[in-house]
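Chemist: Each chain, letter by letter, is given below.
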Amino acid sequence: DAKTTQPNSMESNEEEPVHLPCNHSTISGTDYIHWYRQLPSQGPEYVIHGLTSNVNNRMASLAIAEDRKSSTLILHRATLRDAAVYYCILRDDGGSTLGRLYFGRGTQLTVWP
Amino acid sequence: DAGVTQSPTHLIKTRGQHVTLRCSPISGHKSVSWYQQVLGQGPQFIFQYYEKEERGRGNFPDRFSARQFPNYSSELNVNALLLGDSALYLCASQPRSQNTEAFFGQGTRLTVV
Numbered sequence: 001d002a003k004t005t006q007p008n009s010m011e012s013n014e015e016e017p018v019h020l021p022c023n024h025s026t027i028s029g030t031d032y033i034h035w036y037r038q039l040p041s042q043g044p045e046y047v048i049h050g051l052t053s054n055v056n057n058r059m060a061s062l063a064i065a066e067d068r069k070s071s072t073l074i075l076h077r078a079t080l081r082d083a084a085v086y087y088c089i090l091r092d093d094g095g096s097t098l099g100r101l102y103f104g105r106g107t108q109l110t111v112w113p
Numbered sequence: 114d115a116g117v118t119q120s121p122t123h124l125i126k127t128r129g130q131h132v133t134l135r136c137s138p139i140s141g142h143k144s145v146s147w148y149q150q151v152l153g154q155g156p157q158f159i160f161q162y163y164e165k166e167e168r169g170r171g172n173f174p175d176r177f178s179a180r181q182f183p184n185y186s187s188e189l190n191v192n193a194l195l196l197g198d199s200a201l202y203l204c205a206s207q208p209r210s211q212n213t214e215a216f217f218g219q220g221t222r223l224t225v226v
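Heads up: the sequence lines are chains A and B, in that order. Quick note: the first sequence uses our numbering, first residue 1, plus one each step. Quick note: the second sequence uses our numbering, first residue 114, plus one each step.
Same shape as in the complex, but just chain A:
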């Protein structure tokens, strides 16, 4: 079951940074924080994941709080193609759930030109 809390929607202007928050106060020590996004009429797409340290890749950055009870997905320069539903997911790769993803409702990101 989903164990994260995200705002229902956020808006941004094109070429501005976007910070998408996620609360996960009941996170356990073996939970990885994963972010996926889903563009209209497509399947979800992996964005980034991390355990304790901040992570960067070509798509985004993931900032993880020191107590791991919250995290923020950072899109450094939003484009119109970034308009999507963003899902923050806790995944216990060390336990019995074997990499399953439990999605919540996610955050609908609208990007204005």
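Simulated from the structure, these hints should not be mistaken for lab results. Here a beta-carbon is modelled for each residue, glycine too, at the ideal position from N, C-alpha and C. Hints should not be assumed to be uniformly reliable.
Quick list of in silico lysine to aspartate or glutamate cross-link-like pairs, DMTMM-like style, CA-CA up to 20 angstroms [as the list claims (entries may be wrong)]:
no., chain 1, residue 1, chain 2, residue 2
1, A, K69, A, E15
2, B, K143, B, D175
3, B, K143, B, E166
4, A, K3, A, D82
5, B, K143, A, D82
6, B, K143, B, E214
7, B, K143, A, E45
8, A, K69, A, E45
9, A, K3, B, E214
Per label pair, the in silico range of CB-to-CB distance [stated by the list, open to error]:
no., chain 1, residue 1, chain 2, residue 2, range
10, B, V226, A, S53, 46 to 52 angstroms
11, A, E11, B, A115, 44 to 50 angstroms
12, A, R58, B, G129, 27 to 33 angstroms
The hints should help you fit chain B onto chain A, whose structure is shown.
Modeler: Showing chain B alone in chain A's frame:
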């Protein structure tokens, strides 16, 4: 490179009928998972298969079943269809069951009338 392919893309069935959905994972990926996405909600985990064995099942009735073949492709079967089974059915593949990103197909849109 071929991604995850699902067939058919769209399907209309009548209540009480049976449906079979198919998924071909990315070459080399041994884990396949199925998700149901009802309109306006995030995907919900149905099944995970790894090396042709069921490794997990979500909170779905026994009308839902699946299997994985020696070539790692998979089928999801739903019997005695209900109107509430109308949804987007997503297949995801991973190279192994743990600690890897999941790659999703475009999904099969099932409408039950």
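Chemist: Taking the numbered hints from earlier one at a time, note which ones the structure violates and give those numbers from smallest to largest.
Modeler: Hints 1, 2, 4, 5, 8, 11, 12 not satisfied by this model.
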